[in-house]
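Take the sequences, apply the hints, and build the full model.
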Amino acid sequence: MVNGFFKLITPFIDPMTRDKLKFNEDMRQYVPEEQLWTEFSNGKLEFEYDHSVYWPALNRMCKERREARTARWVAGGKQIGELEDYLAGAVPKGVGAPDAAAAAATAAAAATATAAAAATAEATPAAE
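Each residue of the sequence shown is one higher than the one before, counting from 1 in the UniProt record's numbering.
Some hints could be false.
Pairs of lysine-lysine, DSS-like flavour, derived with a Cα cap of 27 Å [as the list claims (entries may be wrong)]: (1) Lys-63 - Lys-78; (2) Lys-7 - Lys-22; (3) Lys-63 - Lys-44; (4) Lys-7 - Lys-20; (5) Lys-63 - Lys-93; (6) Lys-78 - Lys-93.
Restraint ranges, calculated between C-beta atoms of paired labels, are given here [as the list claims (entries may be wrong)]: (7) Glu-48 - Asn-24: 23 to 29 Å; (8) Lys-93 - Lys-63: 22 to 28 Å; (9) Glu-84 - Thr-38: 35 to 41 Å; (10) Lys-22 - Arg-66: 37 to 43 Å; (11) Gly-77 - Val-53: 37 to 43 Å; (12) Asn-3 - Ala-90: 42 to 48 Å; (13) Arg-66 - Phe-23: 38 to 44 Å; (14) Ile-13 - Glu-46: 35 to 41 Å; (15) Glu-33 - Ala-75: 43 to 49 Å; (16) Val-74 - Asn-3: 30 to 36 Å.
No lab work stands behind these hints, which were simulated from the structure alone. Computed from a prediction, not measured in an experiment: that's the story for all the values here. Ideal placement from N, C-alpha and C gives every residue a C-beta, glycine not left out.
Right, here's the structure in full:
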């Protein structure tokens, strides 16, 4: 059904785009055979999915991450709009950090001064 649909619309697709369409391509040219699942390809990875093992482990991991993010949010001062990178632990300081607040205030003051200077320059006629 999908192949029939693409056969109908392919003549109307730009030739450069049409060349990029790939269906049922051999994935071994992109992924090592040892990492390809035997159930869906000619790979070598024997994998047995067991929901009773997977689901509790996923729930436990999500709970741990949520608790860690909440703890970082509380430690950062419970700021609305806190940086996702800070909550995930990728950056050491968030929005509520003293250095971040000072830097934001400095940037805001500089932006205000620049805007005021631009407004003054527009209001002052140029000397010819």
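Evaluated hints:
{"no.": "1", "hint": "Lys-63 - Lys-78", "in the structure": "holds, 19 Å"}
{"no.": "2", "hint": "Lys-7 - Lys-22", "in the structure": "holds, 13 Å"}
{"no.": "3", "hint": "Lys-63 - Lys-44", "in the structure": "violated, 33 Å"}
{"no.": "4", "hint": "Lys-7 - Lys-20", "in the structure": "holds, 15 Å"}
{"no.": "5", "hint": "Lys-63 - Lys-93", "in the structure": "holds, 23 Å"}
{"no.": "6", "hint": "Lys-78 - Lys-93", "in the structure": "holds, 13 Å"}
{"no.": "7", "hint": "Glu-48 - Asn-24: 23 to 29 Å", "in the structure": "holds, 25 Å"}
{"no.": "8", "hint": "Lys-93 - Lys-63: 22 to 28 Å", "in the structure": "holds, 26 Å"}
{"no.": "9", "hint": "Glu-84 - Thr-38: 35 to 41 Å", "in the structure": "holds, 37 Å"}
{"no.": "10", "hint": "Lys-22 - Arg-66: 37 to 43 Å", "in the structure": "holds, 39 Å"}
{"no.": "11", "hint": "Gly-77 - Val-53: 37 to 43 Å", "in the structure": "holds, 39 Å"}
{"no.": "12", "hint": "Asn-3 - Ala-90: 42 to 48 Å", "in the structure": "holds, 43 Å"}
{"no.": "13", "hint": "Arg-66 - Phe-23: 38 to 44 Å", "in the structure": "holds, 40 Å"}
{"no.": "14", "hint": "Ile-13 - Glu-46: 35 to 41 Å", "in the structure": "holds, 39 Å"}
{"no.": "15", "hint": "Glu-33 - Ala-75: 43 to 49 Å", "in the structure": "holds, 46 Å"}
{"no.": "16", "hint": "Val-74 - Asn-3: 30 to 36 Å", "in the structure": "violated, 54 Å"}
Checked against the numbered hints listed earlier, the structure breaks hints 3 and 16; every other hint is satisfied.
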